[in-house]
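Spelled out, the chains give:
2 protein chains.
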Amino acid sequence: MINGTLKHFFDEEKKQIDNRLPHIIENLNIPVQLRDAMIYSLKAGGKRIRPMLLLATLRGYNKPLSHGYDVACAIEMIHTYSLIHDDLPAMDNDDLRRGKPTNHKVFGEAMAILAGDGLLTYSFQLISSSMLLPDNVKLLLIQKMSQAAGPEGMVGGQVLDMQGEGITLSVDQLQKIHHHKTGDLLAVSVESGAILAGVSENERISLTSFAKHLGIAFQIKDDILDVEGDESSIGKPIGSDEENDKNTYPKLLGLDGAKQKLAFHISEAKKYLYETSIEHTLLEEMADYIAMRSK
Amino acid sequence: MINGTLKHFFDEEKKQIDNRLPHIIENLNIPVQLRDAMIYSLKAGGKRIRPMLLLATLRGYNKPLSHGYDVACAIEMIHTYSLIHDDLPAMDNDDLRRGKPTNHKVFGEAMAILAGDGLLTYSFQLISSSMLLPDNVKLLLIQKMSQAAGPEGMVGGQVLDMQGEGITLSVDQLQKIHHHKTGDLLAVSVESGAILAGVSENERISLTSFAKHLGIAFQIKDDILDVEGDESSIGKPIGSDEENDKNTYPKLLGLDGAKQKLAFHISEAKKYLYETSIEHTLLEEMADYIAMRSK
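Heads up: the sequence lines are chains A and B, in that order. Quick note, the first sequence lines up with residues 65 to 359 if you use our numbering. Quick note, the second sequence lines up with residues 65 to 359 if you use our numbering.
Hints are not guaranteed to be accurate.
Covered, in the sense of this in silico footprint (three residues per stretch, anywhere, with C-beta under 8 Å from a C-beta of chain A), are these stretches of chain B [to be verified]:
{"id": "1", "region": "83-94"}
{"id": "2", "region": "127-139"}
{"id": "3", "region": "176-189"}
{"id": "4", "region": "245-259"}
{"id": "5", "region": "333-343"}
Quick caveat, the hints were computed from the structure, so don't treat them as lab data. Every residue gets a Cβ at the ideal spot worked out from N, C-alpha and C, and that includes glycine.
Just chain A, with the same shape it has in the complex (with noise of 0.2 Å):
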């Protein structure tokens, strides 16, 4: 699935990620507990997409990657954090994660609303703190960062995915949720890897709607999964979102109108791709892979 550039990025660079972030919380003095249930979460799989983004953004400008490792970690705290708090009771209600037990299953629920704080709250500390970037450079992330994770992304689009919760919602009105629940923060990855590459606006403002086509792309891909994934690999229960009677890009449209959907956002990723002067062959790749993993 995987061709043989991507997968050394990513064999590589991926251990980096994995190995830094819980050492990053190990380090820090507090409360053990607090520490485990933050460290959990961190180190419960997943593909880290969102920091692969930023260091495939900065190969991509030939820049070095040390400068990148700290603003890729902080991004992977904000979007871990919003996994924990998205699957407390009151929210989704969910028992697993990536196959294991969510964060309140195991630390209790309270711990799991902390770790969530802590974790949204320990990410600006990280940049703010990161040692290698100049204080305009760490300034412009936080801004766009707090923007992307906040009440104007992915928090908003977490309530309007509540309140869409049993409605028949429309095409347009499914991609609003995603574009911010899923695809301010990917957009986010690929603009702070610009941003660290220290690229032109114009430069920037492409390889952003490539990543929001990628974002909304990757929530169709999901979707598709759930109806005909494999339920070992995906890590939850095939069909459940059906069962929850959420509103999904296969229900509106077909799983081959969904299909469909997702061949269009890849392409039209790949469009603003090329109008950067961007080496693409990482991020492109990256796209291919969102289109056809199987997880």
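Once you have looked at the hints, place chain B on chain A.
The following block gives chain B in isolation, referenced to the frame of chain A:
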């Protein structure tokens, strides 16, 4: 209780904060119910002690308050998020806050979690986007504030507090809890004022020590009010701490012992305040107000 100088300052500046907080959120393009939930808790009264500490510090150094409003509002947003999450059924399970139904009682648990997440995230967006401040100042503020609010600060204190429930703690253990749970955010309010005023590192250290003692005094006074306060003015049932088997200063030291400890920390706070070159009338009166308040 509050004398002339402080009362005038409080009346004027509390109005500024009370008006600005909802105004900032009203202007965001976000789902209506999320906006309502965020504004509900921002408007639910409160003494605005953290913003007032920041503004009183700026004023004490004869600096324009206009440079402090965004940061003061950001700190109050962080404080408000922490109250919303603390009140959740999985945490303190409180139905009332300042005499009004808590956020989750009005908007439901899921929305309360997201309103808290939204306020926390937006506080960093607000500072990073503030127009009046140079990049290095904004970055230092974000660094200090995320540390004070995160796992090493307020979130960690909340975990320690949870873990201490049902166990009789030593005064030192209780102090450590409150140092992080309440003290760190109060201290960073004063420190932010000092950062905005551009004073020396030494000056900032003395002011932070002032604020840390003030934070402990604040908590001791809260505990005393729970024993002997007036129910209608503190907005929660008298004796609720004892009923919840909470560790409090009066429980560990007796009421007289707690009052002596309060006086000690107010006096220590002032000692550090007098070490600085600040025109200290307002902060001194705030310390007295914290010790003498009836709610």
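**Item:** Coverage of the region 127-139 of chain B by chain A (three or more Cβ within 8 Å)
**Value:** violated (count 0)
**Asked** Are 3 or more residues of the region 245-259 of chain B near chain A, judged by a Cβ distance of less than 8 Å?
**Response** violated (count 0)
**Message:** If you count the residues of the region 83-94 of chain B with a beta-carbon closer than 8 Å to a beta-carbon of chain A, do you get 3 or more?
**Reply:** holds (count 4)
**Message:** At least three residues with a C-beta closer than 8 Å to a C-beta of chain A: is that true for the region 176-189 of chain B?
**Reply:** holds (count 10)
**Request:** State whether the coverage of the region 333-343 of chain B by chain A holds or is violated, taking the criterion as 3 or more residues with Cβ-Cβ distances under 8 Å.
**Result:** Since three or more residues must qualify, the claim that chain A covers the region 333-343 of chain B is violated, with 0 doing so at under 8 Å.
In this structure, the hints that do not hold are numbers 2, 4 and 5, in rising order.
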